[in-house]
Amino acid sequence: MSDPLPPTSSPATDAEDDAEAALLFARCSPATADAAAKAKSTSDLPKEENAPNVVSSHLAYRHLVISLSTSLIIGLLLLFAGRWFYLEKIEPRLSAAAAPVPAPASVPAPAPAQSDAKLREELAKSAEHIAALEKQVDVMRREQLLMQQKTRESLESISATLKIPELAPAPESPVTHQPGTPRMADMKPQVTPTQEEFILLKERNRLTQYADEAIATGMRRPVEVLVDYMRDPQLPHLHDAAQAEYLRAIRAIQLLQREDPGYRLPVAELFKDSSIRDEADVPPAALLKLLADYKLSWEVRVRVCFLLLGSPLPETNAQLIKSIKEDPSLDVAKHAQLALEQRVKKRFRLFDIPAIEAWFQSQGK
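The numbers in the working numbering rise by one with no breaks, and the one at position 29 of the sequence shown is 880.
Hints should not be assumed to be uniformly reliable.
Stated by the list, open to error - Derived PhoX-like pairs: lysine-lysine, alpha-carbon spacing no greater than 20 Å straight-line:
1) K969 <-> K1001
2) K1001 <-> K976
3) K1173 <-> K1197
4) K1140 <-> K1123
5) K1123 <-> K1173
6) K1197 <-> K1140
7) K976 <-> K986
8) K1146 <-> K1123
9) K1176 <-> K1197
10) K1001 <-> K940
11) K986 <-> K969
Please keep in mind that the hints were generated in silico from the structure rather than gathered at the bench.
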């Protein structure tokens, strides 16, 4: 007898058996267990990160509220401060500036056209008055200069007259004190010490003017006047002052250089009817004639002194000494002495004419 067949199972029972088998396989397989664990952790991660995001959003909201509140409070404070400054400081000044200045009732305001015309008239009158004053000042200054020049010329003529024995006043006869002899009463001018000091100051100013003129123009005449004051026996109180001004003028002439270092003789103007075209071609005799011609420019004579350094003529030294003594320009006399010293290889004090003449006379003997 054959075995009995097993009872036929229902579909639901078969499905449950398959599920249990699959679950048992998953538990027993390690790879399947790892995959299940990763899936579980991945499904749980968003739930853990939601807490920090919520906290940060709350903090940002609180910070925004605090910032808005602070800004609002600061704005209100600035608004109140600005309104107080305007009411206390600016508005009183604006009202004071805008207030009209009351015009005096007694003086009517002139019309604009009339005020401009009066102003122009006053300006024109002022300009005319200033021009008249300037003319008066110029006239007074011119008269003052003429008076000074006349005074100087009179003093020079008086000093020149006193040096001539024929024109000098005769000495007064001695006064006799014998009884019965008629005589004039002694007349002595009464001069106070202040007046004496004033007179001395004026004389010193005159000496200073002579020295200033010599330095400014380089002419010989003011220096000769100072020498006359130095040697005048009637003015012993001015000898030191005159010598000081003389030394000041001579020192300035010694140091000054008025001539142009690049100056050359205008040969075409000086020798029109000659074939000379350069100053090196001028003969020494012609140079001596140029040096003796005081009508020429002083620059020409200064350049001639330089060109006479190599002159072989025997009368060259005599002509240079004559220029030292008589040339109207002190610059020419200075360069003549420099040329003489280089020619004779001997030094002298500037414008020491007695020493130069003594040496020249000794050479002639």
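Comparing the hints with the structure gives:
1. K969 <-> K1001: violated (48 Å)
2. K1001 <-> K976: violated (37 Å)
3. K1173 <-> K1197: Between K1173 and K1197 the Cα gap is close to 17 Å, so the pair holds against 20 Å.
4. K1140 <-> K1123: Distance ~15 Å between K1140 and K1123 Cα, so the pair holds.
5. K1123 <-> K1173: Cα-Cα ~27 Å, so violated.
6. K1197 <-> K1140: Not satisfied, since the Cα-Cα distance of roughly 25 Å exceeds 20 Å.
7. K976 <-> K986: Satisfied, since the Cα-Cα distance of roughly 15 Å is no more than 20 Å.
8. K1146 <-> K1123: Roughly 17 Å separates the two Cα atoms, so the pair holds.
9. K1176 <-> K1197: Within the cut-off at roughly 18 Å; holds.
10. K1001 <-> K940: Violated - the C-alpha atoms of K940 and K1001 are around 75 Å apart, more than 20 Å.
11. K986 <-> K969: violated (26 Å)
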